[in-house]
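Those protein sequences? They're chains G and W, same order as listed.
Take the first sequence: its position 456, counting from 1, is numbered 456 in the numbering used here, and each next residue is one higher.
Take the second sequence: its position 184, counting from 1, is numbered 184 in the numbering used here, and each next residue is one higher.
Since the hints were derived computationally from the structure, they do not count as laboratory data.
Do not rely on the hints blindly, as some may be mistaken.
For each label pair, taking beta carbons as the anchor points, the in silico distance ranges come out as [unchecked claim]:
no., chain 1, residue 1, chain 2, residue 2, range
1, G, ILE295, W, GLU371, 45 to 51 Å
2, W, ARG347, G, ILE313, 24 to 30 Å
3, W, ASP429, G, LEU298, 58 to 64 Å
4, W, GLU147, G, GLY31, 37 to 43 Å
5, W, ASP426, G, GLU359, 25 to 31 Å
Here are the simulated DSSO-like cross-link-like pairs (lysine-lysine), alpha carbons at most 30 Å apart as the crow flies [as the list claims (entries may be wrong)]:
no., chain 1, residue 1, chain 2, residue 2
6, W, LYS112, G, LYS289
7, G, LYS289, G, LYS379
8, G, LYS367, W, LYS38
9, W, LYS157, G, LYS289
We put the beta carbon where it would ideally sit given N, CA and C, even for glycine.
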Amino acid sequence: MMETELTDDIDQPLRDRLKAHPRPALLWAAGLCVLLLLEGPTYLDGLLGAIGAGLALLPGAPGAEAFASASAFFSELPHLLSRELVPNRGYYDGSAWQGTFLGLEPKYAWLIRFLLVYAYVAALLGWLWYGYVLFRRHYRAANWTPTDDVIDRLRSHYWGLFGLAVVVFFITMAAFAPVVGPTTAEENIEGPYSHDMKYYNEDTETVETITIGEANLGSASRGSGDSNVGIWSYDDFGRFHPVGTLVSGKDLFTFLAFGARVSLFIGLGSMAIAGFIATTLALVTAYYKGVTDLIVVLTSDSVQAMPALLLVILATVVFRNHWIAELYSGAMLFILLFALIRWPGLWRAVRGPALQVGEQEWVDAAKSYGQRPTVIMRKHMAPYILGYLLVYASLTLGGVIISVSALSFLGLGITAPTPEWGRAINIGQQYIASQSWHISLIPGILITLVVTGFNAFSDGIRDAIDPQSEGAEGGATGAAAGGGGG
Amino acid sequence: MPETPADNWREVTQMSESIVDTVSHQTGETLLDVQDLKTYYEGGGLFGGDPVKAVDGVNFEIARGETFGLVGESGCGKTTLGRTLIQLETATSGTVSFDGTDITELSGGDLKQWRRNAQMVFQDPESSLNDRMTVGEIIREPLDVHEQGTARERREKVRTLLDEVGLMPEHYYRYPHQFSGGQRQRIGIARALALEPEFVVLDEPVSALDVSVQAQILNLLEELQEEFGLTYLFIAHDLSVVRHICDRVGVMYLGNLMEVGPTEQLFQNPENPYTRALLSAIPEPDPTAQADRITLPGSPPSPRDPPEGCPFATRCPVRIRPEDIDASDEVWDRIREFRDVIRERSRAEQSIGERLKERLGFETALADGDEIVDEEFSDVDLPPDVREHVEQAVTYLSDGDPDAARAYLKEAFGSRCDTETPQYYDVDDRRTSFCHRHATDHDAPGEELRRRGYDTHDG
Numbered sequence: 001m002m003e004t005e006l007t008d009d010i011d012q013p014l015r016d017r018l019k020a021h022p023r024p025a026l027l028w029a030a031g032l033c034v035l036l037l038l039e040g041p042t043y044l045d046g047l048l049g050a051i052g053a054g055l056a057l058l059p060g061a062p063g064a065e066a067f068a069s070a071s072a073f074f075s076e077l078p079h080l081l082s083r084e085l086v087p088n089r090g091y092y093d094g095s096a097w098q099g100t101f102l103g104l105e106p107k108y109a110w111l112i113r114f115l116l117v118y119a120y121v122a123a124l125l126g127w128l129w130y131g132y133v134l135f136r137r138h139y140r141a142a143n144w145t146p147t148d149d150v151i152d153r154l155r156s157h158y159w160g161l162f163g164l165a166v167v168v169f170f171i172t173m174a175a176f177a178p179v180v181g182p183t184t185a186e187e188n189i190e191g192p193y194s195h196d197m198k199y200y201n202e203d204t205e206t207v208e209t210i211t212i213g214e215a216n217l218g219s220a221s222r223g224s225g226d227s228n229v230g231i232w233s234y235d236d237f238g239r240f241h242p243v244g245t246l247v248s249g250k251d252l253f254t255f256l257a258f259g260a261r262v263s264l265f266i267g268l269g270s271m272a273i274a275g276f277i278a279t280t281l282a283l284v285t286a287y288y289k290g291v292t293d294l295i296v297v298l299t300s301d302s303v304q305a306m307p308a309l310l311l312v313i314l315a316t317v318v319f320r321n322h323w324i325a326e327l328y329s330g331a332m333l334f335i336l337l338f339a340l341i342r343w344p345g346l347w348r349a350v351r352g353p354a355l356q357v358g359e360q361e362w363v364d365a366a367k368s369y370g371q372r373p374t375v376i377m378r379k380h381m382a383p384y385i386l387g388y389l390l391v392y393a394s395l396t397l398g399g400v401i402i403s404v405s406a407l408s409f410l411g412l413g414i415t416a417p418t419p420e421w422g423r424a425i426n427i428g429q430q431y432i433a434s435q436s437w438h439i440s441l442i443p444g445i446l447i448t449l450v451v452t453g454f455n456a457f458s459d460g461i462r463d464a465i466d467p468q469s470e471g472a473e474g475g476a477t478g479a480a481a482g483g484g485g486g
Numbered sequence: 001m002p003e004t005p006a007d008n009w010r011e012v013t014q015m016s017e018s019i020v021d022t023v024s025h026q027t028g029e030t031l032l033d034v035q036d037l038k039t040y041y042e043g044g045g046l047f048g049g050d051p052v053k054a055v056d057g058v059n060f061e062i063a064r065g066e067t068f069g070l071v072g073e074s075g076c077g078k079t080t081l082g083r084t085l086i087q088l089e090t091a092t093s094g095t096v097s098f099d100g101t102d103i104t105e106l107s108g109g110d111l112k113q114w115r116r117n118a119q120m121v122f123q124d125p126e127s128s129l130n131d132r133m134t135v136g137e138i139i140r141e142p143l144d145v146h147e148q149g150t151a152r153e154r155r156e157k158v159r160t161l162l163d164e165v166g167l168m169p170e171h172y173y174r175y176p177h178q179f180s181g182g183q184r185q186r187i188g189i190a191r192a193l194a195l196e197p198e199f200v201v202l203d204e205p206v207s208a209l210d211v212s213v214q215a216q217i218l219n220l221l222e223e224l225q226e227e228f229g230l231t232y233l234f235i236a237h238d239l240s241v242v243r244h245i246c247d248r249v250g251v252m253y254l255g256n257l258m259e260v261g262p263t264e265q266l267f268q269n270p271e272n273p274y275t276r277a278l279l280s281a282i283p284e285p286d287p288t289a290q291a292d293r294i295t296l297p298g299s300p301p302s303p304r305d306p307p308e309g310c311p312f313a314t315r316c317p318v319r320i321r322p323e324d325i326d327a328s329d330e331v332w333d334r335i336r337e338f339r340d341v342i343r344e345r346s347r348a349e350q351s352i353g354e355r356l357k358e359r360l361g362f363e364t365a366l367a368d369g370d371e372i373v374d375e376e377f378s379d380v381d382l383p384p385d386v387r388e389h390v391e392q393a394v395t396y397l398s399d400g401d402p403d404a405a406r407a408y409l410k411e412a413f414g415s416r417c418d419t420e421t422p423q424y425y426d427v428d429d430r431r432t433s434f435c436h437r438h439a440t441d442h443d444a445p446g447e448e449l450r451r452r453g454y455d456t457h458d459g
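Working from the sequences, and respecting the hints, build out all of it.
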C-alpha cells in the first residue's frame with residue numbers, strides 16, 4: 001500500500017502520483033502495447049472499417065472511401081492471429097500436406113490457431129486485470145473503495161465466473177470470427193463459386209482444382225448414406241470440419257462463428273439502446289416524479305401491451321424493402337425493434353432502485369447547494385442503478401438472442417446468406433433423427449449455453465452488488481466492510 | 001462505574017443547566033424574517049384532493065448569531081419548515097426574507113447564488129452521504145458547484161474543514177462506509193460549512209446518534225457557531241437537547257407555531273396549553289417526584305383537514321366551552337371523544353359500493369350512530385340539552401350525512417376555539433403564544449388548567 005502520510009502529496013491527482021512512481025505503470029503500459037501491437041492491424045482494420053461503414057450511411061458518404069481503403073491497407077498487414085500466419089487450408093499431394101502450418105494436418109493447424117486466439121484473449125484480459133491490481137496497489141489514493149467489495153464478492157462467486165467465462169468465450173468467437181473458423185465466410189458461405197481450391201484426388205492420385213461451391217456439393221450433410229460430414233472429421237476434399245457441415249456442405253463452425261457475431265451485435269446493440277432509454281427515464285421519473293412518472297408508466301404499459309412477436313413479424317414485413325432493413329442483413333432493424341420492445345422491462349426493473357435512491361438525503365443535500373439536476377442524476381443516482389441495469393440487461397440479452405434465433409427459425413430473421421444460429425436449427429430440423437443430427441443440435445446447445453452464461457453472469461453481478469439478496473453470508477461481509485472504518 | 005445511556009443522559013441535561021447562559025452571542029439584528037409562511041403538498045392523486053398543509057401560516061424571526069429551536073411531535077411540519085427556509089421546498093405563500101431579500105421569489109442563477117448562504121445538516125448520517133464518493137469528493141462538491149478557487153485550493157479547503165470538524169485530513173480518500181455514525185455526521189457538517197454559509201438548518205442532527213456521541217456533536221456545533229458566527233435553526237423533538245443548545249424556541253403543532261420565546265422562559269414557565277402538555281412529557285429524573293402529566297387525548301388531526309379555528313382545539317385540555325351548556329368535565333371529555341369519532345367518520349371516504357348500498361336502503365357498516373352513543377355516553381349522566389344535541393347529530397349520521405352531524409356538533413358545542421384562528425399574544429418579554437385564552441376576556445391557560453385538575457409548573 002502507498003504511504004498515506006500527512007503531507008501535501010496525499011491529495012495530488014493521479015497524474016502526479018504516476019510521475020512520482022512511474023516504473024510499474026510504464027512496465028504495464030509496455031506490456032499492453034506489445035499485446036495490442038500483435039493484433040494492431042486487426043483493431044485498426046475493424047475500427048476504420050466501422051467508421052467507413054458509418055460514413056457510407058450518410059448522404060454523399062463523405063470520406064467513406066478513404067476509411068475503407070485505410071481499413072483495407074491495415075487488413076493486409078501481418079499480425080499474430082491471422083490465417084496467413086497459421087494457415088490450416090492446404091492439400092495433400094500424396095506424400096505430405098502442402099500449404100498448412102508447418103506441414104501439419106489441417107486438423108492440428110486449425111486447432112493451433114483456434115487455441116492461439118483464446119490464449120491471446122486470456123493474456124489480454126489477464127494483463128488488464130493485472131493493470132487494475134497495479135493501480136490499486138500503487139496509484140489509487142483510497143485504500144479501499146466500495147467497488148473492491150463488489151469485485152471480491154464476484155471473484156468468489158463460481159456460478160457467476162462460469163457465466164463470465166461463457167460470455168468471454170462467446171464474445172471472442174464473435175470478435176475473431178474470421179480467424180477462428182476453419183474457412184472464411186466470404187469463400188465458403190457467400191461466394192463459393194468465385195473461389196477455387198486444390199485437393200488430392202485419390203482415384204487419379206493427382207492434385208486437382210475445383211471451385212469451393214462444387215466441393216461443398218460433395219461435402220453436404222443430408223443424413224442418408226455416405227452423404228454426411230459429422231463432427232471432428234474431414235470431407236472428401238481434405239477439408240477439416242470441427243463440427244461437421246451444413247446441408248449445403250458449408251462448414252458449420254464458420255457459420256456458427258459468424259452467427260455469433262450477428263447475435264451478439266443485435267443483443268448488445270438493442271440492450272445498449274434499451275438500457276440507455278431505461279436509465280434516462282428511470283432517473284428523470286425518479287427525480288421529477290408526478291406527471292413525468294405517470295406519462296412514462298402509461299407509455300411503457302402501452303408498449304408492453306403489444307404482442308412482441310407479432311409486432312416484430314409485422315415490422316419485418318413492413319420494412320422489407322426499406323433501406324434500414326438492408327443494414328447488416330436486417331440486424332439493424334432488429335436492434336431498433338428489440339430496443340423498442342425491451343426498454344419497458346428494463347425501465348421497470350431499475351425504476352424501484354431509482355425511486356429509492358431519489359429519496360436519499362444526499363440528493364436533497366446536492367439540491368441544497370445548487371447542484372444541477374442532470375449532475376445530480378448522473379453522479380448521485382445513476383451509480384446506484386447501473387448495477388441493476390447490468391443484471392437485467394444481461395438477462396434480457398439472452399432473451400433477445402433466443403428471439404432472433406426463433407425468428408430466423410421461422411424464416412423471418414436475418415436474411416440469408418448471413419449466418420444466424422436459428423437458421424441452422426431450422427435447416428437441420430428434419431435431419432435431427434439421422435446421422436446429420438449435428439446441424440440442429442450444435443447450434444441449439446450453443447444458444448442454450450450462451451443464454452445460461454449470460455444469466456449466470458447476471459446472477460453473479462447481482463449477488464456482488466447486493467449481498468443481502470444472498471442471505472446471511474452477505475450480511476457478514478457487509479458487517480466486515482462496515483467494520484473497517486477509522 | 002459502567003457508563004449507561006442514562007448516565008450520559010443526565011450529563012447532557014446537567015450540562016444544559018450550566019451552558020444555557022453562556023450561549024448568547026446574538027447581535028439582535030434580524031437575519032431571517034418569516035411572514036405567514038405556508039407550504040402545502042399537493043394531493044397525491046391525479047385529481048388533486050386536499051393538499052397536506054404541512055406548514056400553515058407561521059411567523060417568526062431569527063436574529064443573526066442565535067440558535068432558534070423548533071420542537072414538536074413527528075409530522076407537525078417542523079422539517080418541512082426547515083426545508084422551506086433553505087428552498088428545498090417551494091413555499092405556497094408568505095415570505096421568507098433573508099437579510100432583506102425575499103428568497104421565496106428567487107429562481108435560477110439568483111437562487112443558486114443565494115444557496116451559498118444557507119445550508120442544511122441532515123438527520124440521518126447513513127442517508128445524507130453518497131456512499132460511492134470519497135469523503136473528500138463529498139465535502140468538495142459544494143465548492144465545485146460554486147467554482148470556488150482552483151482545484152488545489154479546494155482540496156486544501158476540504159482538509160481544513162476536515163480538521164475543523166474533528167476528523168483527520170488523511171480521511172480525504174476514505175469512503176463513508178469506513179466511518180461511524182458520529183463521524184459521518186461530522187462529514188455532513190463539514191459539507192454544510194464548505195460554502196461558509198451564514199445560516200444552517202440542523203434537522204435533528206443528533207437524533208440518530210448514540211447519546212454519548214450526541215453530546216460531542218452538540219459541542220462541536222456550538223464551537224463552530226462561535227468560530228464562524230453561524231445562525232442555526234435547530235429542529236428537534238428531543239426537548240433536553242433543545243434546552244441545551246437553543247437561545248429561543250418555537251413550539252410547533254400541526255403546521256402552526258404555538259409559542260415562541262426565549263428557551264429558559266419557555267421551559268421554566270410555559271404559557272401555551274400545547275407547550276405545557278409537551279413539556280410535561282419530559283421524563284422526571286427523580287423517581288419519587290409525583291407530577292401528573294398532561295396526557296393529550298386522541299391523535300393529531302390530519303394535516304389535510306386541520307381544524308378550522310385553533311389547530312390544537314380538538315385535543316386542548318383547556319378548550320373554551322360555550323357558556324350556555326352546563327356539564328361536568330367528564331361529560332365534556334365524552335363530547336370531545338364523540339366529536340372525534342364523527343370527524344373521523346366524515347373524513348372516511350365511502351366506497352362506491354357502500355354509497356350504492358346506502359342508496360338502495362341497505363344497512364351499511366358506517367351508519368351505526370346509536371352504537372357510538374352507547375359506547376361513549378352509557379356510563380355518564382347527560383344533561384338534557386346535551387342529550388338533545390347528541391341525538392340530533394345521530395339522526396344526521398343515520399341519514400348518511402356525517403358532514404352535517406359534524407357541523408351540527410360544532411354549532412352546538414363549539415366555541416371561539418373552533419371557529420376563530422387565535423392571534424399571537426405577547427405573554428411576556430419577547431414571548432408570544434397562539435391561544436385564545438390569553439385574551440383578556442378569558443382565564444389564562446395556567447389558571448384554567450389548575451381548575452380542571454392538572455398540575456402546572458408555574459405558581
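Each hint, compared with the structure:
In this structure the hint that ILE295 (chain G) and GLU371 (chain W) lie 45 to 51 Å apart at CB holds, the actual value being about 47 Å. Separated by about 54 Å at the C-beta atoms, ARG347 (chain W) and ILE313 (chain G) break the suggested range of 24 to 30 Å. Checked against the hint of 58 to 64 Å, the C-beta distance between ASP429 (chain W) and LEU298 (chain G) comes to roughly 59 Å, which is consistent with it. A hinted range of 37 to 43 Å holds for the C-beta pair GLU147 (chain W) and GLY31 (chain G), which are about 40 Å apart.
Under the hint 25 to 31 Å, the C-beta atoms of ASP426 (chain W) and GLU359 (chain G), about 42 Å apart, miss the expected range. Between LYS112 (chain W) and LYS289 (chain G) the CA atoms are separated by roughly 22 Å; this keeps the pair inside 30 Å, and the hint holds. Only pairs whose Cα atoms come within 30 Å are accepted, and LYS289 (chain G) paired with LYS379 (chain G) is accepted, the gap being roughly 18 Å. Of the pairs offered as hints, the one joining LYS367 (chain G) and LYS38 (chain W) holds, with about 21 Å between alpha carbons and a cut-off of 30 Å not exceeded.
With a C-alpha separation of about 36 Å, the suggested pairing of LYS157 (chain W) with LYS289 (chain G) is violated against the 30 Å cut-off.
Comparing the model with each numbered hint stated earlier shows that hints 2, 5 and 9 do not hold.
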